[in-house]
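**Student:** Next come the chains, spelled out residue by residue.
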Amino acid sequence: MRKRSRKFVAKILGRLWRLFRRWLFLTLSIGPMPEHIAFILDGNRRYAKKKNLKMGAGHNVGFNSLVVVLRYCYELGVEYVTVYAFSIDNFRRKPEEVKGLMALMKEKIDELLEEDTIVHKFGLRIKFWGNLDMLSEPARVAAERAMAATANNTGPVLSVCVAYTSTNEIVRAIKKSCSTKRDETAEGSLGFTGDPLRDGACGSIAVADMEDNLDSADCPDPDIIIRTSGETRLSNFLLWQSTLTHLQNPIPLWPEFSLRNLIWAILEYQRVYPYFEARRRGLAK
Amino acid sequence: MDLARENTWVWIPLPQKFQAPMILKLILGFCWYLLHLMVNLRHMGSSVNDLLFSYIISMGLLLKHQNLQLDELNSLAVVVDSEEAKNTTKIKQLLCWLSSIGIKYVILYDMQGVLKQTIRTDLESLTNTSMTPCSVVDAKMVTSLFHFEKMAIEIISLADGKEGVAKAASFLYSEHMKDDSEICYRSEPDFTESDVANALKATGSAGAEPDLLLVYGPARCHLGFPAWRLRYTEIVHMGRLRSMKFAVIVKTMHDFSKKHQNYGK
Numbered sequence: 001m002r003k004r005s006r007k008f009v010a011k012i013l014g015r016l017w018r019l020f021r022r023w024l025f026l027t028l029s030i031g032p033m034p035e036h037i038a039f040i041l042d043g044n045r046r047y048a049k050k051k052n053l054k055m056g057a058g059h060n061v062g063f064n065s066l067v068v069v070l071r072y073c074y075e076l077g078v079e080y081v082t083v084y085a086f087s088i089d090n091f092r093r094k095p096e097e098v099k100g101l102m103a104l105m106k107e108k109i110d111e112l113l114e115e116d117t118i119v120h121k122f123g124l125r126i127k128f129w130g131n132l133d134m135l136s137e138p139a140r141v142a143a144e145r146a147m148a149a150t151a152n153n154t155g156p157v158l159s160v161c162v163a164y165t166s167t168n169e170i171v172r173a174i175k176k177s178c179s180t181k182r183d184e185t186a187e188g189s190l191g192f193t194g195d196p197l198r199d200g201a202c203g204s205i206a207v208a209d210m211e212d213n214l215d216s217a218d219c220p221d222p223d224i225i226i227r228t229s230g231e232t233r234l235s236n237f238l239l240w241q242s243t244l245t246h247l248q249n250p251i252p253l254w255p256e257f258s259l260r261n262l263i264w265a266i267l268e269y270q271r272v273y274p275y276f277e278a279r280r281r282g283l284a285k
Numbered sequence: 001m002d003l004a005r006e007n008t009w010v011w012i013p014l015p016q017k018f019q020a021p022m023i024l025k026l027i028l029g030f031c032w033y034l035l036h037l038m039v040n041l042r043h044m045g046s047s048v049n050d051l052l053f054s055y056i057i058s059m060g061l062l063l064k065h066q067n068l069q070l071d072e073l074n075s076l077a078v079v080v081d082s083e084e085a086k087n088t089t090k091i092k093q094l095l096c097w098l099s100s101i102g103i104k105y106v107i108l109y110d111m112q113g114v115l116k117q118t119i120r121t122d123l124e125s126l127t128n129t130s131m132t133p134c135s136v137v138d139a140k141m142v143t144s145l146f147h148f149e150k151m152a153i154e155i156i157s158l159a160d161g162k163e164g165v166a167k168a169a170s171f172l173y174s175e176h177m178k179d180d181s182e183i184c185y186r187s188e189p190d191f192t193e194s195d196v197a198n199a200l201k202a203t204g205s206a207g208a209e210p211d212l213l214l215v216y217g218p219a220r221c222h223l224g225f226p227a228w229r230l231r232y233t234e235i236v237h238m239g240r241l242r243s244m245k246f247a248v249i250v251k252t253m254h255d256f257s258k259k260h261q262n263y264g265k
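Listed in order, the protein sequences are those of chains Y and C. Under our numbering, the residue at position 237 of the first sequence is numbered 237, and the numbers go up by one with no gaps. Under our numbering, the residue at position 64 of the second sequence is numbered 64, and the numbers go up by one with no gaps.
Hints in this document: simulated from the structure, not taken from any laboratory. Just so it is clear, the structure is predicted and the values come from calculations on it, not from any experiment. It cannot be assumed that every hint is accurate.
As the list claims (entries may be wrong) - Taking lysine to aspartate or glutamate pairs in the EDC-like style, the calculated list, with each CA pair at most 16 Å apart, reads:
(1) Y:K176 with C:E188
(2) Y:K176 with C:D190
(3) C:K265 with Y:D183
(4) C:K258 with Y:E97
(5) C:K265 with Y:D89
(6) C:K251 with C:E234
(7) Y:K176 with C:D195
(8) C:K259 with Y:E231
(9) Y:K99 with Y:E75
(10) C:K178 with Y:E231
To be verified - Reference excerpt, derived from the structure (chain Y facing chain C, CB under 8 Å, subset only):
(11) F8
(12) T27
(13) N52
(14) L53
(15) N64
(16) V68
(17) R93
(18) K181
(19) I205
(20) A206
(21) V207
(22) N213
(23) L239
Ideal placement from N, C-alpha and C gives every residue a C-beta, glycine not left out.
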């Protein structure tokens, strides 16, 4: 009897929480909402140390936080979310830690593709940005399977940066641009649009050529980049794409990042939105 | 310090997307303004806190801020919003402060190149070619390098960012096309980050990677600072240029000296 009444109370509280969240999100959407939010998931290891968890457990908790935050973002109407899951620099960590992270990555990707997850609830399209050849075989295969399985979904986009750095992304874009330009020159199909940013000088690479070949080519630039744990650097993340991005660095470690922090981040963004809009209009001229 | 002007109020009309009764829109709008009132009050509190702290530092009451250890700070970048960059008096004052602290290399940046037009002329007349060459960067790599007292100053803008990388890419492409071999034409070029770094040097778009970047403007944003040079730079928002304070710069330098980076390890 007591168990049944506790269940009933939990159900009512759950409904009240969802109702409150819905009202809060509706209120926030009175102002300008970000289309694309990027996260640097910093602080998993420090969290594990703080809570006396064993090595690797911090990343597990971090993943659970990620799923919750993603749900809030998509409920808010954010169309694109990008997360910095694993940097090329992270390969320099201890081999057992890297191996553990690769295994965790594969496990969580497979979990996301199961029924009754946010991927199916929101019709997510999952993309992986980075030099995927550097991943372990099982992790790479899982990533490719996730991209193929969700390619036809029409919902919001989750971009996961693994084996990624911005400078590596730029180098790969240069390589692709050079290949394309070389092939176009060979075929004699080089067409000029009249826009100097598009054409560059004859036979040279333009900024637009490079942007067409970045991992983020079909994604708008991020409106906000949030790095948790209070750190102030970008650590080689989306450096090219963040010209007019609001950079935020809240103090909580990633596993501690909650709805309250996300709401605050959006309020801060709305506060400076007129400034960024004016700068975007200036750039467009 | 005008605290009210430091905190921007945002006025956005109710969007048409809401298919809701007017009364509900009014209630939501009121709640939205309350949330933003909370944000602005928090910023005001933070401004008062910074004001008190900078007063304490400038009175020399905090000993730890008096002896700055700047061994790790090889170069400092200052990003200024282009509108604020027109205030050349403040820019010159900032450079004097940075020189007095002992900064050896400063990279001045604004999006539209206002600093190149305004400060450049003054610095050109001050730059003395007999001065000790800059040890932070090879002067041949950098097109706009000046000297002020014991400090080297580089001035760049948005044109030195993405377009600089595109120039380096074109350089690599032209080098690649010099190779007539069949293998070259079938496979993707095998460039590395070192190749791109060397191409940036060859095209005059290279430069030092700043350890610390100070942003003067309404928001924390690097405004298109060259991406290749921002990999591990600590980015700190300093507020508006018109409200800049020497003590806040000292505090920022002190906080930087306590930072530890593990570079992904």
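**Student:** Each of the hints needs a verdict: does it hold here or not?
**Tutor:** Comparing the hints with the structure gives:
1. Y:K176 with C:E188: Holds, because 7 Å separates the two Cα atoms, which is no more than 16 Å.
2. Y:K176 with C:D190: 10 Å, holds
3. C:K265 with Y:D183: 40 Å, violated
4. C:K258 with Y:E97: Violated, because 27 Å separates the two Cα atoms, which is more than 16 Å.
5. C:K265 with Y:D89: 7 Å, holds
6. C:K251 with C:E234: Measuring from Cα to Cα gives roughly 14 Å; hence the hint holds.
7. Y:K176 with C:D195: Status holds; Cα separation ~15 Å.
8. C:K259 with Y:E231: The given pair, whose Cα atoms are some 9 Å apart, holds under the 16 Å limit.
9. Y:K99 with Y:E75: Between K99 (chain Y) and E75 (chain Y) the Cα gap is close to 34 Å, so the pair fails against 16 Å, i.e. violated.
10. C:K178 with Y:E231: The hint is violated at about 45 Å.
11. F8: 30 Å, violated
12. T27: 5 Å, holds
13. N52: 21 Å, violated
14. L53: 19 Å, violated
15. N64: 23 Å, violated
16. V68: It is violated, given that the least Cβ distance between V68 (chain Y) and chain C is near 21 Å, above 8 Å.
17. R93: Status holds, d = 6 Å.
18. K181: OK, holds: K181 (chain Y) within 8 Å of chain C, min 6 Å.
19. I205: 4 Å, holds
20. A206: 6 Å, holds
21. V207: Holds, because the Cβ-Cβ distance from V207 (chain Y) to chain C comes to roughly 5 Å (cut-off 8 Å).
22. N213: For N213 (chain Y), the interface hint is violated, since the closest Cβ of chain C sits about 10 Å away, which is over 8 Å.
23. L239: 4 Å, holds
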